[in-house]
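Asker: Residues per chain are reported as follows:
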Amino acid sequence: MTRYILIKILRSVFTLWIVVTAVFFVLRASGDPLLSVFSLGTPEATLDVFRVKWGIDKSMWQQYLIYIADILQGDFGTSFFDGREAWDIVTERLPNTLLLGGTTFGVSVIAGVALGAVAALKHGSMWDRGIMTAAVASFSMPSYFLALLLILFFSLKMRWLPTAGASTWQHLILPATTLGLTLAGSIARFTRSAMLEVLRQSYMRTARAKGAPKFRQIAWHALPNAAIPTVTVIGFQLGWLIGGSVVIETVFAWPGAGRLFITAVGVRDFAVVQLFILMVASTVITANLLVDILYGYLDPRISITGGK
Amino acid sequence: MNTPQITPLPVTPVRRGWLSSRMHRWGLGGEWLVTVAMIYIAFILFVAVFGFTFQPYPHTQQDLFNQLQPPVFMGGSWEHILGTDDLGRDVLSRLIRGLRLSVLIGVIGTAIGAVLGSFLGIVAAHFRGWIEEILMMLVDVQVSLPFIIFALAVLAFVGNSLTILIIVVGIDGWERYARLARSMVLSANQKDYVLAVRSLGLGHFQIYRRHVLPNIMGTLIVQATINLPGVILLESTLSFLGLGVQTPLTSLGQILGVGRDYLILAPWIAVAPGLVIFFLTLSIAVVGDWLRDRLDPTLK
Chain G
1132 MTRYILIKIL
1142 RSVFTLWIVV
1152 TAVFFVLRAS
1162 GDPLLSVFSL
1172 GTPEATLDVF
1182 RVKWGIDKSM
1192 WQQYLIYIAD
1202 ILQGDFGTSF
1212 FDGREAWDIV
1222 TERLPNTLLL
1232 GGTTFGVSVI
1242 AGVALGAVAA
1252 LKHGSMWDRG
1262 IMTAAVASFS
1272 MPSYFLALLL
1282 ILFFSLKMRW
1292 LPTAGASTWQ
1302 HLILPATTLG
1312 LTLAGSIARF
1322 TRSAMLEVLR
1332 QSYMRTARAK
1342 GAPKFRQIAW
1352 HALPNAAIPT
1362 VTVIGFQLGW
1372 LIGGSVVIET
1382 VFAWPGAGRL
1392 FITAVGVRDF
1402 AVVQLFILMV
1412 ASTVITANLL
1422 VDILYGYLDP
1432 RISITGGK
Chain L
17 MNTPQITPLP
27 VTPVRRGWLS
37 SRMHRWGLGG
47 EWLVTVAMIY
57 IAFILFVAVF
67 GFTFQPYPHT
77 QQDLFNQLQP
87 PVFMGGSWEH
97 ILGTDDLGRD
107 VLSRLIRGLR
117 LSVLIGVIGT
127 AIGAVLGSFL
137 GIVAAHFRGW
147 IEEILMMLVD
157 VQVSLPFIIF
167 ALAVLAFVGN
177 SLTILIIVVG
187 IDGWERYARL
197 ARSMVLSANQ
207 KDYVLAVRSL
217 GLGHFQIYRR
227 HVLPNIMGTL
237 IVQATINLPG
247 VILLESTLSF
257 LGLGVQTPLT
267 SLGQILGVGR
277 DYLILAPWIA
287 VAPGLVIFFL
297 TLSIAVVGDW
307 LRDRLDPTLK
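Going down the list, the sequences are from chains G and L.
Offset between the first sequence (1-based) and this note's numbering: plus 1131.
Offset between the second sequence (1-based) and this note's numbering: plus 16.
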């Protein structure tokens, strides 16, 4: 088991290294970042000063080695635009993103699992059909369009909720709802199919036969077993959630890291873009790794090759 | 609660209307939602292909005296059935034109992803060894970065043109086909029919083309149908954010992006394309689920 986990971790680190490297070279190959900072006709001498200052005067390979060495020492470079550390710029936005992402994740997991379980328990009923149709509709909906509809109704028509910003808890409601609906929809779908699979198993028949109360059957026998595939899927949804929050933060002018990324991409701020992608990739990779490891613990039947 | 109950089949002869009997003939008995979805998709395809013949105005024609006119059902005139936008351009005409590009990018993008991913998956399963390791590593890399972030970065840094956009959108989801194709080919290579044709001395290429591919094609096509709404949504999101389709070209997402700035004054600019996209992706998802359940329950 330890060996299996070690191999997994090594693989994850390797994947992260490839992502970092690929991003580095794609950004460098895309053209001179000075062109988007300085106006045309700036003297070459001035440009050279900044090239040296930002470390883009050297060859690409030298830059790459310096970049990797810096990362290993915890230095993520400085922004081309305000000269501050990229690390500071990104991390000061992180609490907002985590607040939005965390709320969305929590609410949609609870709602999704509950709805999915209800749909499975009432298999074939109107409840089932209704919940599943709503689930398909929720992830067919373009999230930014849902956001606009919610703004149109709750902010502009009813004047209940603010449209943009993040100063009060009311600001959280619309973006979290928008993101959460889609996520809850897909979680509900997976919970339902996992639950249906479990309800078919013989241990459920045993539980019924020995006269266990209905609640105990569900909470004790069915849900924990249905949790195994569901956890995997929820873990894999994390990447989706991060991608979605980039869009939603932009629509609601939520001052999070995702919106920062859109701005940074627009002005070719290398250091910020690189750090953001590094953070997202390591989050997703870690989540997938945890899911993999957790899977082994949740389901002892899964034998892992190369174990002790 | 889950005890199997045997309900006797109804014995009264079923009387069906015209549509219902057609549905039964095409294997759609009782699937009203799927039928409606298919009709909607057919309608959208028709508009996308032949829309230019009944498009009321050129999609770029400005009419600065008629800016932000409301649609007919909001008190507007029949001149502009769905109203006009900030430059007085006819929303219906733009919708028809935008639909064409959205559908085009969606379909081509999905096809690129399906072909590329399936090909790499087959290559991985055929050669095994280090080639498989590298390809599966690439799959891991792709999975580790949310695709929209990758797409935004590439479009902003590498530059934007319709070709680049289609390629970027096309890459989306390749890893799903690659995984699927790889595992199916791996298992097919153990099956008797492949062993049989191989022992007859058929070349590798012929085996894949004539025997393996036809057997795994159904699953891949179902996967493509399931991916298509995602690709359409991706393009529309990128265009909405201003990094996708650029003027003078137009797509549904781009119209929505413009409409966002006029949400108070002229909500129809955003709502009309939004509803079209929503019902389109919903319809494709409904049909995709139905196809999967019918053709390939293993994908569930």
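A few of these clues could be false.
[What the hints assert, rightly or not] Partial list, computed: chain G residues near chain L (C-beta under 7 Å):
1. 1149
2. 1158
3. 1161
4. 1373
5. 1396
6. 1398
Because the hints were derived from the structure by calculation, they are not lab data.
The C-beta atom is built at its ideal place from N, Cα and C for all residues, glycine as well.
Asker: Each of the hints needs a verdict: does it hold here or not?
Answerer: Right, here's what the structure says about each hint:
1. 1149: Holds - the Cβ of residue 1149 of chain G comes within 7 Å of chain L, reaching about 5 Å at its closest.
2. 1158: 6 Å, holds
3. 1161: Because about 4 Å separates residue 1161 of chain G from the closest Cβ in chain L, which is inside the 7 Å limit, the hint holds.
4. 1373: 5 Å, holds
5. 1396: 4 Å, holds
6. 1398: 9 Å, violated
In this structure, only the earlier hint numbered 6 is contradicted, and the remaining ones agree with it.
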